[in-house]
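The whole structure should be built from the sequences, with the hints applied where relevant.
2 protein chains.
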Amino acid sequence: MNAEATGMRRRRKEARPQELTAAALSLFVEKGFAATRLDEIAARAGVSKGTLYLYFDSKEALFKAVIAEGVIPAIEAGEAMLAESADDPVSLLRSFLQSWWTMIGNTELGGIPKLMMSEAGNFPDTARYYDEAVIQRGLALLRKVVQRGIDGGIFRPVDPALIGTLLVAPLVHLATWNHSFASCCNHGIDAQAYVDAHIDLALNGLAVRTTEYGTRS
Amino acid sequence: MNAEATGMRRRRKEARPQELTAAALSLFVEKGFAATRLDEIAARAGVSKGTLYLYFDSKEALFKAVIAEGVIPAIEAGEAMLAESADDPVSLLRSFLQSWWTMIGNTELGGIPKLMMSEAGNFPDTARYYDEAVIQRGLALLRKVVQRGIDGGIFRPVDPALIGTLLVAPLVHLATWNHSFASCCNHGIDAQAYVDAHIDLALNGLAVRTTEYGTRS
DNA sequence: TTAGTTACTGACTGGTTAGTCATTAAACAC
DNA sequence: GTGTTTAATGACTAACCAGTCAGTAACTAA
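Line by line, the protein sequences give chains A and B. Residue numbering for the first sequence follows the numbering used here, starting at 1 and increasing by one per position. Residue numbering for the second sequence follows the numbering used here, starting at 1 and increasing by one per position.
Hints were generated in silico from the structure; no laboratory data involved. Do not rely on the hints blindly, as some may be mistaken.
[Said to hold, decoys possible] So the derived label-pair ranges between C-beta atoms look like this:
#, chain 1, residue 1, chain 2, residue 2, range
1, A, Cys-184, B, Ala-61, 11 to 21 angstroms
2, B, Ala-61, A, Val-208, 53 to 63 angstroms
3, A, Glu-108, B, Ala-140, 26 to 36 angstroms
4, A, Ala-15, B, Ser-91, 52 to 62 angstroms
5, B, Ala-80, A, Ile-72, 23 to 33 angstroms
As the structure is a computational prediction, the values presented were derived from the model and not from experiment. Where is the CB? At the ideal position from N, CA and C, for every residue including glycine.
Take a look at the structure:
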């Protein structure tokens, strides 16, 4: 008979914050910030609400911790990836998008964009932080990759300020879908096939072409 | 001195529901369902909370009305558009995406996808309704257009089950952005340029090409 | 064993808000 | 006018929940 099965108290000061933010992340993503009760978060983490206040000053502080904790490792991994890569732009872009999906979009962290979008209006300072720490830095990475391809004559000269958003939008969209409609209306779409199709379509769209029907009149 | 400036009561049974759903839509989109107070919605519509209950049974009923009302005219317009069009697939697809942006994404209705995504977990039956009444029907339209292009040998044979979502994702993403981060972190992106770039990139991606670097190894 | 320390608990409270209803006033019928 | 109907009000209540804190149980050191 272990400590969890009985009502016995465990003492785990080190692990608590992570357990609480993990529980909070999944509930915030599923139900939204305002609709999630602190009792519920605490219960999912296996503690009482009082314990939550030993580690976080308020519900809002917990929200900010959830965002900060989920976001920092991800963006640093992305920057490290670009720094050590010498691949050609095509396979670099391909592995960038695929890695985002595998390491973020297709994990619990994939709910963060949905959460942050939903709550940006209620937490403008956190939204600004997220924008600077994640979105701007992520887009800058993509811009660099695409610029390499343009400079090398491999990609058409698209606007680098727009192309980053265009490239991540379908992936963010799928991740958001998986944390909203997916639970009630599964279309049976294979995520990997979707990601492959996007990468394929995007690379073809960026390619220097010979036929011209697609250009604007 | 008119009736609105003074505290005088107006009697407008006909117009009330629309005024209330309009006020509710913008507040739900801005702050989320749970964080929006009924007093606030009523105040924005220029009435008291009691009046709201003359027209809607509950907060949840108001939410459903907001979705239903915002969604029905839009999808019907889209279907009418396809029915009466005999254009070639390229310009048809182009005008489809552009029209969605002009008539939905770039209006108040553009907040509905964000709202519905945020609240799908809390209102699964409304999410199913939205999925069937909007998403499935919308994707079916796009699939038809793309299929025409594939059959005519103008588009590459992409998977029609995936391409619809890929084509709308960047537009939905921008609309959602405009109702979340935009108010606190404006990147100064020109929406029309973004839409043009997306259409351009997508049509190039769909085009039958001659060079082959972009295919998977 | 015992005294001291601290992670943890859960009943409590104060503020907030969805939903109600007795009252008010605008419109209408005559 | 006068009486009747009904759109609209806003004070009220019951429930809910973020945040508190006095008390408890687990660990530690002696």
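Hints violated by the structure (numbers, ascending): 5
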